[in-house]
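Assemble chain G with the ligands onto chain W, guided by the hints.
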Amino acid sequence: MQDFAQSFSLALMHIVTLDPDLIEIVGLSLQVSLSATVISCLIGLPVGAFVAVTRFPGRSALIVCMNALMGLPPVVVGLFVYLQLSRAGPLGFLGLLYTPTAMIIAQSILITPIAGALSRQVLEDLHKEYREQFSSLVLSTAAQIRALIWDGRYSLITVALAAFGRSVAEVGAVIIVGGNIDHLTRVMTTAIALETSKGDLTLAMSLGLILLFIALGINALVSTFRLTASRYGYA
Amino acid sequence: MLERPLHLKMSGAGGRSADAGVSTRVSDASRHPLEARALSYAADGKLLIDSIDLSFAPEGISVMMGYNGAGKSLLLRLLHGMIEPSSGRVLWSGEPVTEEVRRQQAMVFQKPVLLRRTVLANIEFVLKSRGLKDPQQARRVIERVGLSDLANRPARLLSGGEQQRLALGRALALNPRILFLDEATASLDPASMLAIEEIVRQARDSGHKIVMVTHNIGQAKRLADEIIFIHDGRITEQGSADAFFENPASREAQAYRDGVILTHENTGELNA
Ligand SMILES: Nc1ncnc2c1ncn2[C@@H]1O[C@H](COP(=O)(O)OP(=O)(O)OP(=O)(O)O)[C@@H](O)[C@H]1O
Ligand SMILES: [Mg+2]
Chain W
1 MQDFAQSFSL ALMHIVTLDP DLIEIVGLSL QVSLSATVIS CLIGLPVGAF
51 VAVTRFPGRS ALIVCMNALM GLPPVVVGLF VYLQLSRAGP LGFLGLLYTP
101 TAMIIAQSIL ITPIAGALSR QVLEDLHKEY REQFSSLVLS TAAQIRALIW
151 DGRYSLITVA LAAFGRSVAE VGAVIIVGGN IDHLTRVMTT AIALETSKGD
201 LTLAMSLGLI LLFIALGINA LVSTFRLTAS RYGYA
Chain G
1 MLERPLHLKM SGAGGRSADA GVSTRVSDAS RHPLEARALS YAADGKLLID
51 SIDLSFAPEG ISVMMGYNGA GKSLLLRLLH GMIEPSSGRV LWSGEPVTEE
101 VRRQQAMVFQ KPVLLRRTVL ANIEFVLKSR GLKDPQQARR VIERVGLSDL
151 ANRPARLLSG GEQQRLALGR ALALNPRILF LDEATASLDP ASMLAIEEIV
201 RQARDSGHKI VMVTHNIGQA KRLADEIIFI HDGRITEQGS ADAFFENPAS
251 REAQAYRDGV ILTHENTGEL NA
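Protein sequences, first through last, are from chains W and G. Residue numbers for the first sequence follow our numbering, beginning at 1 and rising by one. Residue numbers for the second sequence follow our numbering, beginning at 1 and rising by one.
For reference, chain W alone in the conformation it holds in the complex:
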């Protein structure tokens, strides 16, 4: 227990003094996960919006798929991306394995279904409400999608936050394709996993604390957005 208390205060010290190693790891984590979030939204949002407002054969099957893919196990995604990027794989010539780019690719694959499926849900609900008015105005599909995205922006921001939360907290995919290389591909989750197994609890705990704060921060942001939106009649 002594050990724990000591590590804990040391961990806090690391955070308070902005330990450079710590900063580097946290910085890379945020960079990788934010990039993945942006990419997942750029792909997921338009797909989700299109599925939300259009009707075509196979649509319900596609929705079931999108929803199912939200639960992709990170290690499976990691393995898949590894196989593509490894020297023998089809994309091996790019030399991306064990780089931050590989990690961004893996996390993007992991969370694009989340961005797509959740925004589909958000926009479809809104579309149900607006449909008659849109139909009366004879709006084009593109104009409908633009209006829905704008009016659903508060909910869509929470979708992006959910995707970010999932990517920043996952370890399985980034450890396989990133390899937790010091100063290169070390992110919070992989560092925690490996430092803990090596017995360096101090670093693991400071990173754990930061991760926890990020998770809490995301939740706080989500509630703030929800509250603001409903208070001002935009929800």
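Hints listed in this document are in silico derivations from the structure and should not be mistaken for laboratory results. Treat the hints with caution; some may be incorrect.
[What the hints assert, rightly or not] Computed from the model, here is a short list of chain G residues facing chain W with C-beta under 7 Å:
hint: 1; residue: E99
hint: 2; residue: R103
hint: 3; residue: M107
hint: 4; residue: V113
hint: 5; residue: L115
hint: 6; residue: P154
hint: 7; residue: L157
C-beta atoms are modelled at their ideal positions from N, C-alpha and C, and glycine is treated no differently.
Chain G with the ligands only, in chain W's frame:
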């Protein structure tokens, strides 16, 4: 002459002033009559609109009346081209209704659907959808329906009556040739209702065709150039307001006018 509340600053009854969306005279409405031919709509194996043949007077205000569930809202949706009939057709100047024609129509729904935006932005949205970008136009429309003081309020925080006024303003902003109103004054206070009636009358006077549904008999008497009574998905009579209220031809219309609930006993039909 009706007294107008101060917050409803409206132009004079002539509707000639250039300050509002509806005051521009639309092109000769008599060349664009609206018709339904053998129009039917069925859902869940039930015939809700039963082969209706109907020609609207080419100008003026046509008021549709009928019991709850008679099919009035459904018929408006069909006429506006929002839903496909099971059989039969809706014609405009003898031609099938195209998207281009539908763009010249507007509808105010029984339950107004407002965007999650401010009052002003709601109007600007429909103006933009028609490629109209005059920034003053939206303000004029808002003023016309008496919502100037609320221009920057989120539309969904308005009261029920204010929402209906906004929905009406939004429809008028489109300067439609045909305006469909589905109980558009149902939750307005008496002053606002009279003010809206005045706007509707002005719209009629400047050449817009109005097809409206109301359960308010006083309103029907004040506005109607013709009355169409619909019962069980069928038109049972169509004629002048005077004729309709003084001497309704069908038993259902008479019962409706007198506020009698239809039952098996008094109609001998299935109207529990
Ligand atoms: N999509 C639908 N599917 C099944 N039934 C429907 C559908 N739309 C309307 N109906 C039914 O058709 C009938 C007519 O509905 P409608 O909304 O036109 O009534 P209304 O005359 O406008 O009545 P109210 O005065 O209450 O507004 C109702 O019995 C309604 O339940
Ligand atoms: Mg109705």
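Evaluation of the provided hints:
1. E99: Interface hint status for E99 of chain G: holds (5 Å vs cutoff 7 Å).
2. R103: Result: holds, 5 Å to nearest chain W Cβ.
3. M107: 5 Å, holds
4. V113: Nearest chain W Cβ about 4 Å off; hint holds.
5. L115: 6 Å, holds
6. P154: Given a least distance of 3 Å, the restraint on P154 of chain G holds.
7. L157: Holds, because the Cβ-Cβ distance from L157 of chain G to chain W comes to roughly 4 Å (cut-off 7 Å).
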